[in-house]
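Based on the sequences and whatever the hints tell you, model everything.
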Amino acid sequence: MTEPILRLNDVSKSFVGTNALQDISLEVHPGKVLCLLGDNGAGKSTLIKILSGFHAPTGGTIEVKGRPVVFRSPRDASAYGIATVHQFGGTFPLMSVGRSFFVGVEPTKGWGPFKRFDKRLAGEIAVREMQSLGITRVTDGKRLVGSLSGGERQALAIARAVYFGANVLILDEPTAALGVKEASHVLRIIMQARAKGVAVIFVTHNVLHAMMVGDHFAVLIHGRKADDFRKGERTREQITDLMAGGEAMADLEAELAELEASA
Amino acid sequence: MTVQISGAARPAAAGTSPARSLRNLTYRPEAGALIGTLGVFVFFAVFGGANFVAASGTAAWLNVAAELGIIAVPVGLLMIAGELDLSVGSVLAASSMTLAIVSGYWGGPVILGIVLALGVGVAVGLLNGLIVTRTNVPSFVVTLATLFGTAGLTLGLSRVITGTTSVAIKPDPASKAVFGTLVAGQFEVAIFWWLAVALVVGWMLTMTKYGNWILAVGGDKESARAAGIPTDRLKIALYIGSGFGAALVGVIQTILYNGAQVANGQSFVFNSIIAVVVGGVLLTGGYGSVVGVVLGTLTFAIVNQGIYYTGWNSDWASFILGVLILAAVLMNNTFRRLALSYAPRTGKKA
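Protein chains in written order, with the working numbering: chain Y, 1 to 263; chain X, 1 to 350.
Hints were generated in silico from the structure; no laboratory data involved. The structure presented is a predicted model; accordingly, all values stated were derived computationally and were not measured. It cannot be assumed that every hint is accurate.
Result set (DSS-like, lysine-lysine): computed pairs, CA atoms no more than 30 Å apart in a straight line [as the list claims (entries may be wrong)]:
id	chain 1	residue 1	chain 2	residue 2
1	X	K221	Y	K115
2	Y	K109	X	K176
3	Y	K115	Y	K142
4	Y	K196	Y	K231
5	Y	K65	Y	K196
6	Y	K65	Y	K142
7	X	K221	Y	K142
8	Y	K142	Y	K109
9	Y	K115	Y	K181
So, in structure tokens, the structure goes:
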């Protein structure tokens, strides 16, 4: 087993009065996919915000490559190679692919007051990086991001994160807003990133998607880690039941059947 | 201007053909604005007669365009970054009065008055920027407040200091030549200032990383911040820019007309927004170009002045402008949709 690149020890977060997260311990390994499962409000977003430096935990410690770290800002987290890609890709619909790819880190050419943004290079790199993730339909860096499909936008954001040296990639519900075909694109991209040795944290409430790519799973319920297991150790039904708060889906099915009969 | 157009026309891989460059043009923010400008020009060239296209007619709308354009370009930049600046009208008046009082009423050196007048613009811009970024109050409200606040201060202080609301000034020949002369007897030197502002800002927006930052901040502020862009400092700088632009026009008007009035400049508040929006800038930010703003400014100025050459009652000018704004915005929306559906080679035709 490799050394974990990111480790959480008993991380807690309380906002005024409420405990959003309690004693979460996790390990994230390079070249593996950790699926973070949980219903809405289970604490997934809070955990993502802690990992990406938006919130500081109120308890517990975070280690990167075995050394304890404190993230004071999102910039701190990205300096440690932790990149977060949000549901809608965190990209700019009315900017070109090349411009969007290099926002904040624009390559320049020329000197002094004539130093300028090398848009051609930016476009070429953006297209090349997206193609390395298997997106072949985007061939022109001048295309507007808004003309890409949802999956292609995710690919752009992921390609960007990987290109700029992310070794931990947090994907926040990347498949939630996508159709079946687009979602399978994104799952393929997750496997591509994994193959590049990136540690992927895949946050989702879609058990099927998680089981297709995950190596390791953690289920959050009401801010606590309810279960933690490896690929193949649980069935889909077991996970779904757990996420639904322990209330067996079978019960719900029976109840629904009753309603249907009485209607 | 030329910089941008040649940049756009440069083909990515395939050879250039007229059809291709025409299609490329339709994917640019200023495509609708160009049609608008040509349209109103042809319209008034036909109905305005020979006088409209003569040098005097051209000077009339170019002069209006130049003064408006010096303000519209930085205001457009702010709008691309997702913020409004309504305070420009009062900044213009405050800058005019500062120059007139310092160098006219008190008889100080003109250069001192100019520096202080521009300083007023920078100060109001800085204030706008600080309030908008620190409080998260919508910039519409913040700059509406500074529009009124600055207007009141200008009026109050002018009356306290000079006892009147209009002050005369006798600019020295050097300042007159730089800011307030008429080239060939009818073209304001402001036209060159406008060109310079448009070239510098246009270069910055399309060719430098700062331009990319502005587009990004206007497109999605949170993502831009997450990408490491100093969004607050950027916005403050842009507000200082629009304050400076308004103050510059204040200086130009004061030196050109040998005096200042406290009520100067209020028409620029909405006219600058009209020019920017007609120029294809998206009101909510993230999309637009300096070429577009320049074209929008020209369109506005042509309608504004062209009406006098038609022999029609000038009461109709505002009506035409209203129709024009609506038409321009609808056209710009269409072109933006076209740009968003741009998927080369594979299938889906735009």
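List in ascending order the numbers of the hints, as given earlier, that are violated by the structure.
2, 6, 9
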